[in-house]
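Below are the chains, spelled out letter by letter.
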Amino acid sequence: MADLLANSLSGLRAFQRALDTIGHNIANSATPGYSRQRVQLGSLPPQYAGVGYIGSGTQVTGVQRLFDDMLAAQTREASSAVGRLEVFAGIAARMDKLLADENLSPARGMQNFYGALDDLAADPASIEMRENFLTVADATAARFRMLDAQFAALGREADAAIKATVEEVNRVTENIAALNREIAVAPKSGPERQPNDLFDQRDRLLDQLSTLVGVTSTVQDDGSVNVYIGSGQPLVVGSNHYRLASAQSSYDPSRTEVTLSSDAGSAVITDTLSGGRLGGLLDYRDELLNPARRELARIAAGFAQSINEQHAAGMDLDGRLGGRLFDFTPREALASKRNAGDARVSVGIEDAGALKSERYLLRFDGTSWTLSGIDSGRTVALSGSGTAADPFRADGLSFTLDGTAQAGDSFLLDPLAGAAASLEVAISDPRAVAAAAPIRSSANPGNTGNATISPGEVVDAAHANLLDDVEITFIDASTYSINGAGSYTYTPGEPITINGWQLSISGTPDPGDAFSITANVNGTGDNRNLAAMAAQRDAGVLDGGSTDVEAALGRLVSRIGSQTSQANAALGAQNAILAEAQAQREAVSGVNLDEEAAELLRFQQAYQAAAQAIAVADEIFQTLLGAVRR
Amino acid sequence: MRISSWMLYQTGINGILDRQAELAKLQQQIASGRKLQTAADDPAGAAIALNLERGLADITQWNRNAERLRSRLAREETTLGEIGNVLTRVRELALTGANATQSSETRSMLATELRQIHSQLLELANTRDESGRYIFGGYQDGSAPFVKQGDSVVFTGDAGERRLQIGPSRELGDTDSGYEVFMRTPGGNGDFRVSSGANNGDIIITGAELRDRAAWSADDYTLDFAADGSWQVRDGGGAVIANGMYEAGQPISFRGVELRFEGQPAAGDSFQVSAASSRDMFGIVQDLIDAFATPASNAADHARMQNIVFTALEELDGQNSNILSVRAGVGARLAAVDQQLSINESAALEIEQARSNIVDLDYAKAISEMQMKLAGLQASQQSFVRIQGLKLFDFLR
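If you're matching them up, the sequences are chains H and B in order.
Here the first sequence stands for residues 11 to 640, where the numbers follow this note's numbering.
Here the second sequence stands for residues 132 to 528, where the numbers follow this note's numbering.
A few of these clues could be false.
What the hints assert, rightly or not - Cut-off 27 Å, straight-line C-alpha distance, at most; resulting in silico cross-link-like pairs (DSSO-like, lysine-lysine):
1) Lys107/H x Lys522/B
2) Lys496/B x Lys107/H
3) Lys366/H x Lys107/H
Said to hold, decoys possible - Below, a sample of chain B positions facing chain H; criterion: calculated Cβ distance under 10 Å:
4) Ala188
5) Ala407
6) Leu521
Claimed, not checked - Pairwise CB distance ranges (calculated):
7) Thr462/H x Ser348/B: 22 to 32 Å
8) Ser300/B x Thr380/H: 20 to 30 Å
9) Ala373/B x Gly329/H: 47 to 57 Å
10) Tyr494/B x Asn142/H: 35 to 45 Å
To be clear, the hints were calculated from the coordinates, so they are not data collected in a lab.
By construction, the Cβ of each residue, glycine as well, lies at the ideal position given by its N, Cα and C atoms.
Turn these sequences into a full structure, and let the hints steer you where they fit.
Rendered as structure tokens:
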């Protein structure tokens, strides 16, 4: 029966619900991920009373959650990008700082090294200067080692963070699966009667998940959500979730890979992951840190090679030819855990100028070996046969095989990763610094012509007769003999090359004039080889001889710098996008306290009016009773 | 657009946090005086700055080399000056000894002084630098380059020259080879050397010049006088190439050579004329010592002594001008060092300026920027407080 009392009572009840919901909104105004709710009111069906339809009050038809799926997806995408860039830019900035550190900077080490070399060149016989030179050379090598160690520490940190993030992802997906179960069994009908707060909790978890790693999600009919990772591998399906795990690479035990378990077993999905903190860590490790470490090692290899070659062509204080000044060892080849054969591959550096900052895969198909670049995918041509006498050669590297390989065996070659840590000074005896050129030339005291001889330089330090005495005697003004034999045409100023050295004579010799070339034993004051080593500073050694060591270091510093500033700029842009997406989402879902206050006022007044209407109904009834009693 | 309370709050807070981050960065720049903290601040600028810093380090090194070079060249210059003084003294002694008024005894006293000078010269030739290296030893600067063997001095060093870099493309040697300084000067008058073979009469040589270079041919010639005053010149093969009668005051000429004599030749008097080869400074002094130490009892002995002194004086002139030219070379290098130092200084200034433009902070700009940002921060804070203080609930009483 429709009457004032019943109608007012329905209003009281409905406004009570509305006020409850407003209270809920206010209470959750600080809850992250909360979406505001609105009570939906509808009039009750009217009753026909002859004169027409009489209204029978109001009812709550549902509680609506103000939420937009598209805006939520947009926010998640943006927070994935921000999550990635935050971690990427953060660690990149630390690399950038390390490279700017004056105590680590290899470029400053180069300045010190060539400064000490120049100091020694001014006083090549001084043992103190030689000690100083070796000390500075060691400090220079130590800069490469320390910088690489700092980078390695960043790498370990990234690996630890990858492991921790994987665990966090698992925790979140587990909770999503649990909420999915709750949502699926919760009673619901139509769009207005849904477990709103469970949705909020789950969406909040999806938000968290997307800052951890890039995912996609689809809502199912029962309200649960399926989550996919990487290139579409399922992470959460209904109330089931699949665990991520961190595992050692099958080649490189020091490298952490991410695997995903599934009904079919677990598979490595590292390369398919993108976005979020996990994507940022992987990108950082594989696109910034490891390439930088390889580049540092490549530069160290070039530096060692350019100095070693020249040092070997000099003579030390004791009349011996100089050997290597620096030792540099590339990283050994990593055999796959799955290899069936017992073959081992040792890696050497043939020519630092041809080195590339690349990783390779060396594979045996049963008959032949193939080499391919892992990141570039290109096939690299191999020359040689792999034996110690004739090793495989490619990209400035040499590979020697040992043992027997089975078909399908493979090796990972990352010869430069971390190899900068191996750069060290090879000699400790200050007398062994080859400051002098190994030969010296002199004109015979009895010469009457005006011909002069140049000091000479070494073109082949390995020549067996390099240190043999040679006498050039002029038969007449245009011909000469060597050690009393032969007759050679003399052209003033033209280089004469004998026994691995080269020099020139200019001027007009008289017949009988002679010049002698001898081993530069006791040439303690000679600094020619140091000068030649100093000249290596500007000589291109890397990239086929087009880049010198310091230019390469400068390039490394500015590359990391620009990657850092790019990441920072991108982070700024993504933050703006995220803020915009959040603002849009908040515009729909966020609680505005002023608005709630107004609503509170509205429903309070309506509630008071309904209560007043009940009082009126009571009065009417009393009026009626009073009339009857009389 | 609808603004949620959280959004309103967050926007205000973010604004304040952003201002604060900017201020922190600016403060770091002001505190360090550098606007380029790491390469990320300006990747291209960092690469340029690195190059410029290398340029500065190079110049510092060159300047150090230049200072070293200067001290070594100054030492050489002093040594060469002393050698010049010694040679002048030798010349005086030679002239004194040649004087007819000297007796054999006074000459032997001169010989004694010359012996001292000889060892003084040897010491000068074996001069060492501040670190004990022989400056005239060439590359073999660890052992004395000039060694006395009997009456002669041999050079055991080499012609090596240590070069130091003092500028982008400027290298200078820090010494000269002892060989060039002491051993290499041509003997005689620079073209040929006259020495007396046998002296029977009192004929002495007073002049030897190459008048016609085109007619000259390097060989060992012998000039013989006969009893009748006739002379003949034979070449190295023994063939007579010129002859004539000696007349006092008249020169004897052959193959472009003109020789002047005083006194009268006797039969068997002979002179050798040979192409000048390198003559060492010590040998000249030794010749004089030998000449003065030998008693001269007759005119022939006198003539032999006079002839030796004649050649020695000619050769001393050659040595002297050699020392002078080496000294001039050292002086030129010292001047070059000074010039390079001033070039380096202005280059360093320029590089420093360029580096500073990239790396260093413009304080005026930074501080005015800071004022602006402070004002911005203050505005953000004030507006935050005002907006947050305005709540509808406050009016619901």
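Assessment of proposed distance window 47 to 57 Å (beta carbons of alanine 373/B, glycine 329/H): Holds - the Cβ-Cβ distance for alanine 373/B and glycine 329/H, about 54 Å, lies within 47 to 57 Å.
Pairwise hint evaluation, lysine 107/H against lysine 366/H, where the allowed Cα distance is 27 Å at most: holds, 25 Å
Hint consistency between lysine 496/B and lysine 107/H [alpha-carbon to alpha-carbon, up to 27 Å]: holds, 25 Å
Range hint compliance [Cβ, serine 300/B to threonine 380/H, 20 to 30 Å]: Distance hint for serine 300/B, threonine 380/H is violated at roughly 49 Å.
Interface restraint verdict for alanine 407/B against chain H (beta-carbon cut-off 10 Å): Holds, because the Cβ-Cβ distance from alanine 407/B to chain H comes to roughly 8 Å (cut-off 10 Å).
Verdict for tyrosine 494/B, asparagine 142/H (Cβ pair) under range 35 to 45 Å: For asparagine 142/H against tyrosine 494/B, whose Cβ atoms are near 39 Å apart, the range 35 to 45 Å holds.
Supplied contact hint for leucine 521/B, tested at 10 Å Cβ to chain H: At about 9 Å, which falls below the 10 Å cut-off, the nearest Cβ of chain H leaves the hint on leucine 521/B intact, so it holds.
Given pair status - lysine 522/B, lysine 107/H, alpha carbons within 27 Å: violated, 46 Å
Pairwise beta carbon distance, threonine 462/H to serine 348/B, judged against the given window 22 to 32 Å: holds, 23 Å
Interface hint compliance - alanine 188/B to chain H, C-beta minimum distance less than 10 Å: holds, 4 Å
Violation of the numbered hints given earlier is confined to hints 1 and 8; the remaining hints are satisfied by the structure.
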